[in-house]
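There are 2 protein chains.
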Amino acid sequence: MALVVQKFGGTSLADADRIRHVAERVTENHTAGNRVVVVVSAMGETTDELIGLAGNVSERAHPREMDMLLTAGERISMALVAMAIEDYGVPAVSFTGSQAGILTTSVHGKAEIVDITPFRVRDALDEGKVVIVAGFQGVSPDSKDVTTLGRGGSDATAVALAAALGANVCEIYTDVDGIFTADPRLVAAARKLDEISYEEMLEYAGAGAGVLMPRSVEYALRHDIPIHVRSSFHDGVGTWVKEETMEEPAVRGVAHDDAETKLTIHGMPDRPGVAAALFEEIAEAGVNVDMIIQNVSIDGFGDISFTVPAEAADAARKAAEGAAQAVGASSVDVDDDLAKISVVGAGMKTETGIAARVFRILSDAGINIEMISTSAIRVSCLVRAADAENAVRALHEGFVEVVS
Amino acid sequence: MALVVQKFGGTSLADADRIRHVAERVTENHTAGNRVVVVVSAMGETTDELIGLAGNVSERAHPREMDMLLTAGERISMALVAMAIEDYGVPAVSFTGSQAGILTTSVHGKAEIVDITPFRVRDALDEGKVVIVAGFQGVSPDSKDVTTLGRGGSDATAVALAAALGANVCEIYTDVDGIFTADPRLVAAARKLDEISYEEMLEYAGAGAGVLMPRSVEYALRHDIPIHVRSSFHDGVGTWVKEETMEEPAVRGVAHDDAETKLTIHGMPDRPGVAAALFEEIAEAGVNVDMIIQNVSIDGFGDISFTVPAEAADAARKAAEGAAQAVGASSVDVDDDLAKISVVGAGMKTETGIAARVFRILSDAGINIEMISTSAIRVSCLVRAADAENAVRALHEGFVEVVS
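Chains as they are written, first to last, in my numbering: chain A, 8 to 411; chain X, 8 to 411.
Among these hints, one or two may not hold up.
Since the list can't tell identical chains apart, any single copy or any two copies may satisfy a pair.
[Claimed, not checked] As a list, the in silico DMTMM-like pairs of lysine to aspartate or glutamate whose alpha-carbon atoms are at most 20 Å apart: (1) K117 <-> D321; (2) K117 <-> E134; (3) K199 <-> E251; (4) K325 <-> D310; (5) K199 <-> E255; (6) K325 <-> E287; (7) K199 <-> E254; (8) K151 <-> D130.
Rather than coming from a laboratory, the hints here were simulated on the basis of the structure.
Construct the entire structure; sequences and hints are all you get.
Right under this line is the structure:
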């Protein structure tokens, strides 16, 4: 008897019909003899509607109350899913994040799961019930307050709960068929991957391939919980994210991320400690820096460029301007008309020359590379936004289509 | 420094503008130096919308999940009210029923408050915060599940919390100006009462005068918490419900209740224990019987009639039919085309002949009385629904208008 955690997102729960459809799928799994835990997001646009309400009532940010407000969303969907399942004659019970023992840090809006104490979930499973758990939310043992986990939070709930319960698999139901070799909206020849390793998925997700957030993959990797990313609209097999895969191609897929912003600080004095001071300032603003490039210094002054996620651009700019003033740099430029294109594959570890091939393919396509960063299994290039589609297509053709 | 509990219903919180208006009123009270606890219902039609959603998803009753669903309503309004208050520069914090320590029985949908342990509310007040508490909801210490208190539940939360905190007053904000001598929609001459005693309010509420539910008044009576029922739309004084009142008129007001159903069991054998068996059956079905009348027996068989709240009519009929069959009665009739008209006043205790005057006034108005029930400070008559308005007007004219 397997223990399965199934996560359904807001699109899969957008209305009463879809909720009943989800209930039917869950029920089938339970009837087949599995122990089933269902993690749900808020229905459809609920979260956006609640954020809109808050915006109409208040002009300021109230992180604690915003979390109190938003957690109403999953509360509604989990109760409805439980009712729909019980209508199929299967006993079900819903738990809030707090009731399910999802313990988090006390940072409202982007709390991290620190522990899971799923006593009530286990008891309910032992009683033969399907358990529905509110995704995206938890409770801080320090503040005793309800918290939310931020973007992709329901996936994190599902994977972490699967790890805590020792589940056999964590199924992430979504509105696409699985993980693709490239964004099918950009590349007609993109194909669904049957499998991808945790390590590759981590790089791929971090490079902008949607569906899964890196933090969920990290959980799965650390606890070796296979994730099955699949469609909520049909029964077909999706993509398995797991420890070992049958083959290790040099390039598993091509990801792109058009939400990268580049900041350039001009006229940085070329003396020890200046760069350190800058990036300490940026780090204190809570911004993660992705790529960094430092230009050759002329007459003791040089330029330094770095990229940050677009959502952190304002915070990064403020910090950079502060630092620039402190060290006597001349100005800060912001450029958000860029995209980062990455090729990811575990085979890179053993196959040499992948980076050179990337540069050659982009060069042959007439695409200029602004910045480069690499890991053991990833090569990323920053290009002009207008070149992004061509770059993805050329790299997909050069690496993925040739071997398939 | 007074401690004030203020309760705002769904109409007062129907949209962003009204929520900001409520926040402004609360803030004024806080700025005036009071410690303020705000109890809120769900916004406008939220509860009905959630019930509708449940109806679309599921065909059966799921009491636990329904409570989980409905409690999302107050969660939304309390977070929004807290945000709006903080926008005025006043620190505020919202608590769910569970966080506020509202401990209840475990009967979903109509739980009773058994204890209140408002540690977090007290701490937050001590920190100078306005505290917003979700009305209508609590938590069962036995089942660890969230419960709702049923109709009028937010008032019960407010009064019980006022008692637990030793508040100076519990203000119930509503869409009318206070408690009236009769329903102003029926009686043009009806006037707002400046004050009414707990005891009178208890009878008046039980007799169908809206605004307050008897259970809330009982709490106030038991703990001697003055209730101020007032409009949420203006600053005018409403009606004070309290221990002592300046005067004790024979009739404080005329209430009517058109949600009474009469059941009649025909051909009941006239032998000891038959009536007891019937009403035991009714009680086991959880139905409260209001008036009872037993007709003279002919040939060893008689009729028995009793009234129940309209919402309990189906349950009462089933129980009555079972009992009728068991004792060999012939049939059960149901009549819901009726209204109960009551005159209430503490002065009745010392002034005799009030019941006789009620019967005379109704008789002079050509209205037939079907059943009668009385208490020390109330006389109630069951009349045809078509006669209800005339009966209220005649009694109001005869008792209230003459003395005003």
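*At 20 Å max between alpha carbons, let me know whether K325 reaches E287 within a copy, between copies, both or neither.*
Classified as within; 13 Å inside a copy, 76 Å across copies.
*Indicate which option fits the pair K325, D310 if close means a Cα-Cα distance not exceeding 20 Å: within, between, both or neither.*
within (18 Å within a copy, 86 Å between copies)
*Under a CA distance limit of 20 Å, which applies to K151 and D130: within one copy, between copies, both, or neither?*
between (23 Å within a copy, 13 Å between copies)
*Using 20 Å as the alpha carbon limit, work out where K117 and E134 are close: within a copy, between copies, both or neither.*
neither (34 Å within a copy, 26 Å between copies)
_Up to 20 Å CA-CA - E254 versus K199, copy category_ = Answer is within: at 15 Å inside a copy they meet the 20 Å cutoff, but 83 Å across does not.
*For the identical chains here, do K117 and D321 meet the 20 Å Cα criterion within one copy, between copies, both, or neither?*
Only inside one copy: K117 and D321 sit 18 Å apart there, 51 Å across copies, limit 20 Å.
*Have a look at K199 and E255 and pick one of within, between, both or neither, based on CA distance no larger than 20 Å.*
within (16 Å within a copy, 82 Å between copies)
*Evaluate K199 and E251 at a C-alpha cut-off of 20 Å and name the case that applies: within, between, both or neither.*
within (18 Å within a copy, 78 Å between copies)
Violation of the numbered hints given earlier is confined to hint 2; every other hint is satisfied by the structure.
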